[in-house]
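Chains as they are written, first to last, in the working numbering: chain A, 141 to 654; chain B, 353 to 840; chain C, 2 to 101; chain D, 47 to 694; chain E, 26 to 191.
Because the hints were derived from the structure by calculation, they are not lab data. Check the hints yourself; a few may be wrong.
Unchecked claim - Simulated restraints, written as ranges between beta carbons of each label pair:
{"#": "1", "chain 1": "A", "residue 1": "Asn417", "chain 2": "D", "residue 2": "Phe114", "range": "34 to 42 Å"}
{"#": "2", "chain 1": "B", "residue 1": "Ala625", "chain 2": "A", "residue 2": "Phe194", "range": "58 to 66 Å"}
{"#": "3", "chain 1": "D", "residue 1": "Gly651", "chain 2": "E", "residue 2": "Leu101", "range": "50 to 58 Å"}
{"#": "4", "chain 1": "A", "residue 1": "Tyr195", "chain 2": "B", "residue 2": "Ala625", "range": "53 to 61 Å"}
{"#": "5", "chain 1": "B", "residue 1": "Val374", "chain 2": "E", "residue 2": "Gly89", "range": "22 to 30 Å"}
{"#": "6", "chain 1": "A", "residue 1": "Pro191", "chain 2": "D", "residue 2": "Phe68", "range": "27 to 35 Å"}
{"#": "7", "chain 1": "B", "residue 1": "Glu710", "chain 2": "A", "residue 2": "Pro215", "range": "47 to 55 Å"}
{"#": "8", "chain 1": "B", "residue 1": "Leu509", "chain 2": "E", "residue 2": "Leu101", "range": "16 to 24 Å"}
{"#": "9", "chain 1": "B", "residue 1": "Gln390", "chain 2": "A", "residue 2": "Pro146", "range": "51 to 59 Å"}
C-beta atoms are modelled at their ideal positions from N, C-alpha and C, and glycine is treated no differently.
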Amino acid sequence: MEALQPYWLSLILLTPLAGVLLLLLLPQEPHERLRRVALGASLLTFALSLPLPFYFDLATPGMQFEAATRWIAVPGFVANYHVGLDGLSLFLTLLTTFLTPLAVLSSWPITHRVKWFFISLLVLETGLLGVFLALDLFLFFVFWEVMLVPMYFIIGIWGHERRVYAAIKFIIYTMAGSALMLVAILWLRQLAGTFELLEISRQLQAGLLRLSAGQEMWLFLAFFLAFAIKIPLFPFHTWLPDAHVEAPTAGSVILAGVLLKMGAYGLLRFCLPLFPNATREFTPWIAALALISIIYGALVSLVQPDGKKLVAYSSVSHMGFVVLGILALNVVGMEGAILQMVNHGVSTGGLFLLVGMLYDRRHTHLIREFGGLATPLPVLSSFFLFVVLSSLGLPLLNNFVGEFLVLVGVFRVNPWQAAVAALGIVLCAWYLLWMVQRVVFGQITNENNRTLPDASRRERAILVAVAVAILWLGIASPLFTRRMEATARHILNQMNPPAVELATQAPAPPRPSQ
Amino acid sequence: MSFSLSSLLFVLPEIVLSLFGVAVMVAEPFVRPGRKQQLGVLALAGTVASLAAIVFQFELVRRGAPVAAFGGTVLMDSFSLFLHFLVTLVTVLAILASFRYLDREQIHRGEYYALLLFGTVGMGLMVGSGELVLIFLGLEISSISTYILAGFRRTALRSNEAALKYFLLGSFATAFFLFGIALLFGATGTTILTEIRSALAGAQANAALTWMGIAFLFVGLAFKVATAPFQVWTPDVYEGAPAPVTAFLSVGPKAAAMAAFLRIFLTALAPAAGKWFWLIWVSAVLTMFMGNLAALVQTNIKRMLAYSSIAHAGYILIAFAAGTEYGVAAVLFYLVVYALMKLGAFTVVAHVSGPGEERLNIRDYAGLAAREPLVAGCFAVFLFSLIGVPLTGGFLGKFYIFQAAIAEGSPWLLWLVVLGAINTAISIYYYLRVVIAMYFREPSAEIEVAPVPSSVAFVLTLTALGTIYLGLASPVLIRAAAAAQALR
Amino acid sequence: MVPISYYLVLSGVLFGLGVVGFLLRRSIITIFMSIELMLNAVNLAFVAFSYLHEKLSGQIFVFFVIVVAAAEAAVGLAIIILVFRNRVSLNIERMNLMKL
Amino acid sequence: MLDTIWLIPLLPLAGAGALGVFGRHWRQRAVSALGVGSVGLSFAAALGMAYEFFQQDPGTFPRIERYFHWIAAGDFAVPVTFYIDQLSVLMVLVVTGVGFLIHLYSIGYMAQEGGYYRFFAYLNLFMFFMLLLVLAGNYLVLFVGWEGVGLCSYLLIGFYFLRDSASAAGKKAFLVNRIGDFGFTLGLLLLFATFGTLDFARIFQDVAHRPTETFDQVGILTGISLLLLCGAVGKSAQVPLYVWLPDAMEGPTPVSALIHAATMVAAGVYMVARSHVLFSAAPVSLAVVATIGCITGFYAATIGLVQTDIKRVLAYSTVSQLGYMFLGLGVGAFAAGIFHLMTHAFFKALLFLAAGSVIHALQGTQDIRTMGGLRTKIPATYWTFLFGTLAIVGFPGFSGFFSKDEILWQTFISPYGSKVLWFIGVFAAGLTSFYMFRLLLLTFHGDPRHTPVVAERVHESPRVMTRPLMVLALLSLAGGWIGIPAALGGKNYLEDFLAPVFATSRLRLVAAGVPHTPTEELELMALAVGLALAGFGAAYWMYLRRPTLANELAQTFHGPYQMLLNKYYVDELYQKYIVRPLNWLADRILWQTVDVEVIDGAVNGVGFRARAAGDWVRHWQSGNTRSYAAWVVLGALLLVTVLVWVMR
Amino acid sequence: MSASYWLFFVFAGLAVLGAINLIWQRHPIHSALSLILVMGALAVLYLLLGAEFIAAVQVIVYAGAIMVLFVFVIMLLNVGEEERTQWSRVATYVGLPVALLLVVQTGYLLYRAVPVVARVDPNRFVGTTRRVGEMLFTDFLLPFEVASILILVALMGAIVLAKREP
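Construct all of the structure, not just a fragment, from the sequences and the given hints.
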């Protein structure tokens, strides 16, 4: 492993692409083979990512498993392929590799252009992983944008009735957001002279690079806008319900499970360490948006007639917690936020999987079409309830830990914010349980539901995986938080302005740059 | 100034092309109708030979040959060679893309190829000349060739109209261009760019004449490059011209004119850069917005792509406005990328439009992905590249342009980049409309599938792969950067 | 002695009249002639500047302009003939199949 | 046993896990064996623990068992710890003991129901969480149990999920609890922010040793205790969050017995008692506790007067009794509160189970208006029910008498109590007596009012059900004898036993106390018993002697009667002023207006505007060459003008 | 007022009048004739500026060849008076005022651009055919050759476009 370390992340990045290549070579039929290949590739990726937490050094605040090589080199424009992993990206990477096989498995019912579906999905996986692993701003942006394309196709081709509208809204919304981030990246590059993230933060730390207040503010805002749309924060969230509802199950799972995390990831990776002063300045406003998101998302979820949309809006609410935790700007809140990202990925991913399974049976998401499913579908219903309980923050299940840590972190900074956020938890229980009541319990109101088949083996495999993850995250959270600790502290340290004497210290170890 | 045979080497590509052009003309009567493709092959050979000649010139320059001949009017610098290569390559692809089209439209004639070759000669002169009159002549040759090519579908009213509008407005703009030359000549007493530069720098030149000259030159060049407010002709002409001609037109002459634009403004008019910077700035903004906004509402794909060409000219102007070596490199690189994707896109249009160019509505692309996966796939690549999605040349090109502008350091350029970014966002919508049609929609009616001709497939594959290749890693970028140094 | 500026003014006026003609007239052929008028104005300017700088190159340019004018005339008139044949009209305003 | 105390909660958890995952495929007997067995073992372990506990020197307690870290982030670390002291030992015994009996009873009661395995899985899970709650060594672990029992109550109330009312009631229970937990959560956060830890031991020490003033300047302790109280109010069904408990009767009767009477609702009482250090340091909170308790006790009793569903009457009596416990806690009589908690667990479990037996006998009838005369048909049930009733009304000698009396007496004498509170409490006791006897008389005495079909099939419950009833009846009688007040010449063993737990708080209270004489206590006691007897008399008069009187009274006082019958319309008020407005706000304003119209409208508006702009721009492209030329000329003129004039 | 003034003003006046007539007339043939007048007048002015060769070319090529071509085409197509459409408000209400402004401004600027002291003496600087020819075949050889390509293209284009389909 020692010897392999520099190549490990690249290997993880390339494995889905290898799957893509294999799929390309295969004929359109039979579907079963294509599915197995896709599943194999995604499982292999997952397997490859499993050693990461074990070989991850808890004490290192910086990047591990780093690998760097020159990519584009023109005078004045040097972009590197530079990947690395820290406590922040570690679990997001794992989350991605964990959810993708589930997404693949959940896509068995797809029969239309199967080959291209799985190709898109695997390309998407590489793109997402790249976003979390890239340490070069250029590389980051490339992954950030590129992953939109497969997602766009997934929504647009394999989605539901209003898929076209949803797809275009999704891509324009997010691309418009990142357009300004591109400008900011370039500007930052201009100021720092490099695209290397680590180099830029080193310069900032050492006082070699000083941003004026105005520069910092604009840079921050440009980055923030892109991230806020991805997260999504109120009022930039309206792409999300449409995209989620129209996307096929796998799309929703990845969208909610991983894609939304990119925004929060960006905040942590870029906004906080690079623009600490601007971050502090805008914290009250963003926290206000996060709070609005929490309450607003919850209230709007409450009245959704469409189950998938309900889950989508609940994501808005949950991601509000993540942002709030980040903005607490203390270790507890930040770890809570990171953990909550993972939790939300698993739980909401699970919910989308379940909603998707119901859709596979009835071809509708409308809550009123269901009712009394516990009778024909006991297993599915049990898992449904389980995942809902996890989502509404029952202790010993995953979401509770994240949310509570966030609350602890936030309370320290601003008790009122914590109070409002806690209100969101109450509402969360309301809308989720109400949905459960209408979907799972009661008499069967629609005769079509009486004869539905219970979870198949494939579906059980998916659900068991989700359930195990939920329990594990809920009970053994220190296994996760301990690996985030150094990184969280590091980010916060970076936020404290550089002392002048730091500048006189010996330069940091050489980084691949220029 | 004495004439030596060796100075002919400076115009070797032009000579080659002209000879082949003449050869095509001469051979025309001897080739039976239906086999005119042989003439195309001949022309292709000419362009390939010309490419070889350019490579040879590269080699010469590398070995230290002088870069100027004919009294500084013809240049063989890396800038010129880079663009020579580009415009010739464009011609190669345009010829290939035309084979089947001409058969299909029953307008297969040798003159078509000859005109393409001569047009390339003109463009070569534009990019390789250091003197205004020669540039003007090159411009005229390429313009006149394209006027004719635009009207090549003689029985099609739209084609006629395109030729007519192009011709009238083109000549109109040419007159302005000429007047500009005259005024600059009046101000400085010379038409050689380097001399103009020193005259302007030395401040012996008459200010009013200079400014008027610059203004009129700007009109002429901006017209050819199709930047606002002189872009008006573009959509009509692109729409009406035969699709492969549009492909050629939107790329070759535009690149050549842009090269001339750069060379004139950055070499001769560099001392006045502080002033014309604003012209470029405003023009860039107007161009981007007009192109993108108008493209939003188009239903005719050719016209939509025409507006998109305008918008892209605007992006190019961003780097131009930077005016640095870096900016020029960005322009050059972008021109290459742009050439590939635009050529590819119009080739797709030419192929899909069917006999008589009947199917030009975006709706006609519904279900194309299922009917013709290769064509649709390539088109998607071009469209994504036109948007500027990473891993395509379009992204890297735009990135490079934006970076060049920001690297210049002026806040105005930063704003320009911001506007460019906003425009990129606007543009997503209309490009993706086509993708939606191709991939997300089912065809409204049964359309018989014409097999993709091998030449078209070749062009598409080449341009698509090229587009992606340019987005991955790019020696072309380095070449462009090197070429840009020639202007300083 | 006539000041050179008079010639230049004349050139400018003629050029402008050409522009006006282009804008005013509907007949393609007249419009084309307006363009020729503009070219002539340019020629005058060239000759005048040639005299001003006492450089013969200005006159050479005029020669090339005339060549270009001739070439344009040939092509332009061919296009006009083509258009007229297909549409039996020379009104520029009717040539609006393509718009918006 | 103390070292392996983790076994006590873990056994039921294992049972729950096994039943939940595999139970579906097992036979009923295996399910009962595992479900009851796990709790039985747990009870045995608890007994073992208690034995060991008494062997050891009380000074070594509280003893804290530490296990793994459950949460650790930054300086926020929560290990799983168990806190063993007199209070938790007592609670564990009560919970496992009563729980075991109810499990046993359920074998018979649930035998015919579907989802048998599910029921036992839930019950076992509930035991786990409840034990976790009472054993927890810090507030967060307590919160786990706290929420866990909430979950189980949700699951169990909604056990008959085919009934919409059942699942709605389950949801309501969970949500109302959540509202309380909202406060509780904030209380935890404030606790952590104040003390930097959530450990009982450290917090209590800190409060005990730090001068109160350091907190009270900002009323932090008051804040903390009030927030914690929110949770307790929710869990223990106090005003205004009691609304879930009556609805919770939708669940199977053993569930009502176990969680909505004996254990879970006591969690709030337990928590307040556990946090006595905090509460006693915040007199305002104590006063609030007492007031809420008193109001609840009275308020619920009034509603109980007119209810006709046997379980609902019991439910309101539960709320009312919980009010007494809160009253006790609120006046600083923590031990008394716990005492009542324990006796209440016995007699209320008994009452519910007996009621279950009645329902069982009548094939599901719950309306007491259609009962009557069951005394002879199901004697075992009758006698045990009678024991329970006597206990709850505070008949001298029965357990309820001692505990309730202790509370009332403490209310009377405590510096935190008052005569008013005492009076209301006593009055409520009278009401209790009335409605309990009403219940008893209507159910078992008089003429049978049920339909002949039902009458034919009335039968006594199987032994597996009646035996637990008998055990509980015994406990209801004798359970109070460990706390006979000194005034009656007894010795309050329980108070002495719990004394070390509440030592710190007692110091504070006794210091402020006023001495009273035992005779006074006896007088008051007599008054209370008298009121209880009056209640009995009234019930006897109204329901046996003059059966029409009740209806006449209802006619005469139609308004108040309806109000009571409809539980003061509180549910309707919540529905009308909170739920529906919120729904309306979310639906009409937030979703349909803000989301769809405003934000999406703006987004689409940008798109629309861009297209409109495009439409405008394209109109410059009129297709007319002359216009094009005009643009060119305009451009040229502007260029020249700008270059020559503007930028000179 | 010397003769050169007279000559200048007379022919300049003719040129301007011709130009105005060119744009005034509705029938293309009148315009063509006016244009010939302008060209002729300009030829004289070229002579005044000492551009002999150009003056000759102007008459021979321009007036002689090109304009004949125009007239020929007008006759060939039998073009009548132009149609009186008024579809471009932009051209009328924006274009024309702007064009007039352009005339005024350009005239003014050009007038101011060259000092009035620079006056024309036809004998001082003469572009004789010989000198022009020499220059054309030395310094401007390349453009000259290039011009041939231009002509070739134009020829070919004219044929391609105008010839009737076989």
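Going down the list of hints, with the structure as the test:
1. At about 40 Å, the CB distance of Asn417(A) to Phe114(D) agrees with the hint of 34 to 42 Å.
2. With their beta carbons about 60 Å apart, Ala625(B) and Phe194(A) fall inside the hinted range of 58 to 66 Å.
3. The hinted window of 50 to 58 Å between Gly651(D) and Leu101(E) holds, with their beta carbons roughly 57 Å apart.
4. At about 56 Å, the beta-carbon gap between Tyr195(A) and Ala625(B) stays in the expected band of 53 to 61 Å.
5. As the Cβ distance of Val374(B) to Gly89(E) is approximately 28 Å, the hint placing it in 22 to 30 Å holds.
6. Between Pro191(A) and Phe68(D) the beta carbon distance is about 33 Å. The supplied range of 27 to 35 Å therefore holds.
7. About 50 Å separates the C-beta atoms of Glu710(B) and Pro215(A), a value consistent with the hinted range of 47 to 55 Å.
8. A beta carbon spacing of about 21 Å between Leu509(B) and Leu101(E) agrees with the range 16 to 24 Å that was offered as a hint.
9. Against the hinted window of 51 to 59 Å, the Cβ-Cβ separation of Gln390(B) and Pro146(A) comes to about 57 Å, which satisfies the hint.
Violated hints are absent here; each numbered hint is respected by the structure.
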